[in-house]
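*Asks:* Same order as they appear, the protein sequences are chains A and B. Note that the working numbering has the first sequence beginning at 33, numbered continuously upward. Note that the working numbering has the second sequence beginning at 33, numbered continuously upward.
Just so you know, these hints were derived from the structure itself, not from any lab. None of these values were measured; they are calculated from a predicted model. It is possible that part of the hints are untrue.
As the list claims (entries may be wrong) - Quick list of in silico lysine-lysine cross-link-like pairs, DSSO-like style, CA-CA up to 27 angstroms: (1) B:52 x A:73; (2) A:73 x A:52; (3) A:73 x B:67; (4) B:52 x B:174; (5) B:250 x A:174; (6) B:67 x B:347; (7) A:347 x A:175; (8) B:175 x A:175; (9) B:52 x B:67; (10) B:73 x B:52; (11) A:175 x B:351; (12) B:175 x B:67; (13) B:52 x B:250; (14) A:174 x A:347; (15) A:52 x A:67.
Number of protein chains: 2
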Amino acid sequence: MPTLEDVARRAGVSTATVSKVLSNTPYFTEATRNKVMLAVKEIGYVPNLAARALSSGRTQIIAVVFPYVYDAIFADPRILCVMEGIDAECNLRGYNLLISTPRLIEGAVDENYLQLIQSGYLDGVIALNHVPFASVLDPVLKKGIPAVSIGGHAAAYSVSSDHHAGGVLIMQHLLELGHRRIGIITVPDNINIGTEQLLQGIRDAAQAHGLNFDDLPKAVGDYSTASGADGAAQLLQQHPDLTALLCLNDRMAMGALQEAHRLGLRVPDQLTITGYDDIPAAATTVPPLTTIDQHSLTTGYEASRMLFDLLDGQKPESKIIPVELVIRSSSAPPIR
Amino acid sequence: MPTLEDVARRAGVSTATVSKVLSNTPYFTEATRNKVMLAVKEIGYVPNLAARALSSGRTQIIAVVFPYVYDAIFADPRILCVMEGIDAECNLRGYNLLISTPRLIEGAVDENYLQLIQSGYLDGVIALNHVPFASVLDPVLKKGIPAVSIGGHAAAYSVSSDHHAGGVLIMQHLLELGHRRIGIITVPDNINIGTEQLLQGIRDAAQAHGLNFDDLPKAVGDYSTASGADGAAQLLQQHPDLTALLCLNDRMAMGALQEAHRLGLRVPDQLTITGYDDIPAAATTVPPLTTIDQHSLTTGYEASRMLFDLLDGQKPESKIIPVELVIRSSSAPPIR
DNA sequence: AAGCAATAGTTAAACGCTTAACTCTATAGC
DNA sequence: GCTATAGAGTTAAGCGTTTAACTATTGCTT
């Protein structure tokens with residue numbers, strides 16, 4: 033492979049000149065620039081990234097990390113939408129995207145991940161908030177790598193959804209339709225800040241309508257479709273009088289939908305089911321899901337923009353992405 | 033950050049010794065090894081990957097590339113299953129996963145991608161077969177980077193599904209149920225080899241049952257759910273007597289399901305709908321989809337194993353992953 | 001006792017780039 | 001005429017590893 037030196041020789045200049053011309057340093061004549069560019073084209077020179085990284089300390093690689101939790105990360109469409117936003121922005125800027133899915137062995141982050149963080153291979157990190165979030169992001173911050181978190185982390189720049197508003201919106205929607213006997217398919221406590229805010233929103237909306245959140249029947253799922261079906265089964269068996277199921281994500285709502293169908297319950301006529309996230313599939317279920325759009329693509333986009341600002345030496349403001357109630361056909365007034 | 037030299041000084045040996053001990057080169061006493069290891073622990077040394085890469089020519093990075101085609105890659109659950117298999121294997125081996133989604137501007141691969149390939153940053157490549165496949169994989173092969181393709185490429189090691197068998201299986205299933213008036217929701221020609229094989233399988237099965245493939249009504253989609261709905265609408269309007277819809281992927285089948293529901297057609301009683309891929313969502317639609325399981329996870333797993341074999345200097349055999357008919361509830365005999 | 005192989009470790013060059021510090025005009029200001 | 005400054009380019013010192021080639025010691029053959 034041709035090196036800087038080959039280009040320099042061919043263009044009749046020094047390697048420093050080539051390097052600087054290539055990085056658009058000022059103070060070169062057009063003639064010199066042209067000579068260099070021509071030589072580059074002629075011998076098909078492409079910079080060696082490892083050498084560049086070693087010398088400059090920058091790798092042009094940013095990592096997206098999501099702890100491997102519950103089921104496979106790649107199974108969660110919500111995360112993929114975020115990824116897409118990130119990918120698009122990185123592509124635009126000529127950065128490369130590395131994916132890291134640290135395994136968590138008994139609470140400890142895996143060794144490979146730690147090595148990667150320490151290795152100097154990463155110019156920046158975008159981390160998805162999840163259970164063992166601190167343990168994943170802390171090494172990054174300690175090492176001083178620019179990082180932004182999606183979902184919030186006290187010590188980091190972050191972009192998160194307005195989950196409190198989301199909780200209020202979806203619960204309000206149910207209440208305004210006239211539902212009172214509402215089952216909730218939730219996830220284990222302390223999963224992340226977002227979930228707490230969401231639950232608080234639901235609680236507040238309930239209270240505003242004179243309903244006590246703590247009295248509402250609940251089932252605990254794990255975000256997966258299957259757990260949604262299980263939760264629905266359990267809830268409907270113990271509380272056959274429920275008129276609505278509020279699910280903390282779309283996948284669990286899809287499971288609930290499936291279970292309702294299995295039980296011969298027509299949605300939304302006999303049972304209202306709502307989701308959260310607005311993943312692509314939510315629009316194509318039968319019936320399509322009423323849900324909360326988190327604007328995942330925007331979230332990914334904003335996260336990368338924020339990271340690039342950080343890399344440019346700026347101090348960006350943490351951002352809160354507004355959410356939106358999307359009313360489709362899985363919700364209707366309860367039957368009297 | 034501490035360097036090799038710091039470790040060497042502390043352990044009272046040369047940097048070469050440290051480097052070799054760390055890479056398990058033979059001919060060192062236990063005492064020396066321990067001294068080195070102790071020093072490493074004490075000062076928290078982590079190798080600098082860029083330096084290592086420059087010096088050794090290996091980066092510990094492998095790239096998964098999928099051309100950006102139609103809609104976002106990240107929207108395709110089938111691909112994500114494959115990714116998961118790849119990710120798991122890379123994680124095990126301590127390799128890092130870089131994702132590249134080259135944009136295709138007027139048939140040409142984007143410049144960033146080409147640079148990445150040439151840059152020496154990649155130890156290996158796994159490429160997903162898609163429309164402009166050659167243009168994406170050719171630079172990789174030319175550069176001599178170990179590569180495996182998923183879906184088949186004449187010049188490369190590959191792992192692919194037995195699409196011909198898949199086509200036969202799904203069509204046979206329909207025919208054996210007694211369907212004859214079958215609509216096909218397909219994709220544009222020449223998308224990739226896999227699709228051609230699949231169509232050939234369908235054709236062969238049709239012929240074996242005395243049905244001429246070319247006479248079957250067809251609609252052309254683009255893999256997306258929406259295009260499946262459109263295709264179904266179009267097909268059912270022009271051919272109201274159809275008793276089954278064979279869709280070339282699950283997402284289009286989900287769209288068809290949705291359209292059937294909109295038209296008030298009960299599936300499978302009044303209309304049979306089948307998919308292909310067996311993405312996770314296929315099991316949770318209402319009704320769950322009859323489809324072909326491509327074993328996407330295995331595919332990803334095998335692809336990375338093959339790549340690692342290649343990196344180990346072996347010459348692996350290209351592999352064909354068997355497929356499997358998964359009969360769920362979206363298919364039934366036609367009404368008489 | 002010489003020769004050799006195996007063991008244990010070192011030296012120093014190389015990997016390909018960036019960049020601080022430097023040189024050498026040419027022009028401008030006073 | 002002398003200094004300052006801006007423009008155009010070069011020199012050479014790293015960046016932190018790996019690794020080929022080398023030295024030195026020990027033990028075993030013959």
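*Asks:* Does the alpha-carbon distance linking residue 52 of chain B and residue 73 of chain A stay inside the 27 angstroms limit?
*Replies:* violated, 40 angstroms
*Asks:* Can the restraint linking residue 52 of chain B and residue 67 of chain B be considered satisfied, given a maximum Cα separation of 27 angstroms?
*Replies:* Status holds; Cα separation ~13 angstroms.
*Asks:* CA of residue 73 of chain A to CA of residue 52 of chain A, is that 27 angstroms or under?
*Replies:* Distance of about 16 angstroms is within 27 angstroms: holds.
*Asks:* Within a Cα-Cα threshold of 27 angstroms, do residue 250 of chain B and residue 174 of chain A meet the stated pairing?
*Replies:* Not satisfied, since the Cα-Cα distance of roughly 58 angstroms exceeds 27 angstroms.
*Asks:* Assess, step by step, whether the Cα of residue 52 of chain B is no farther than 27 angstroms from the Cα of residue 250 of chain B, and give holds or violated.
*Replies:* violated, 63 angstroms
*Asks:* Hey, residue 175 of chain A versus residue 351 of chain B, does the alpha-carbon distance stay inside 27 angstroms?
*Replies:* violated, 43 angstroms
*Asks:* Straight-line Cα separation of residue 67 of chain B and residue 347 of chain B no greater than 27 angstroms?
*Replies:* violated, 39 angstroms
*Asks:* Is the Cα-Cα distance between residue 175 of chain B and residue 175 of chain A 27 angstroms or less?
*Replies:* Violated, at roughly 35 angstroms.
*Asks:* Would the pair residue 175 of chain B and residue 67 of chain B pass a check requiring their Cα atoms to be no farther apart than 27 angstroms?
*Replies:* Violated, at about 41 angstroms.
*Asks:* Is the hinted pair residue 52 of chain A and residue 67 of chain A satisfied, with a Cα-Cα distance of at most 27 angstroms?
*Replies:* With a Cα-Cα distance of about 13 angstroms, the restraint between residue 52 of chain A and residue 67 of chain A holds, given a limit of 27 angstroms.
*Asks:* Below or equal to 27 angstroms on CA atoms is what counts here, so check residue 73 of chain A against residue 67 of chain B.
*Replies:* Not OK: residue 73 of chain A and residue 67 of chain B at ~50 angstroms, beyond 27 angstroms, violated.
*Asks:* Does the structure keep residue 73 of chain B and residue 52 of chain B at a Cα separation of 27 angstroms or less?
*Replies:* holds, 16 angstroms
The earlier numbered hints that this structure contradicts are 1, 3, 4, 5, 6, 8, 11, 12 and 13.
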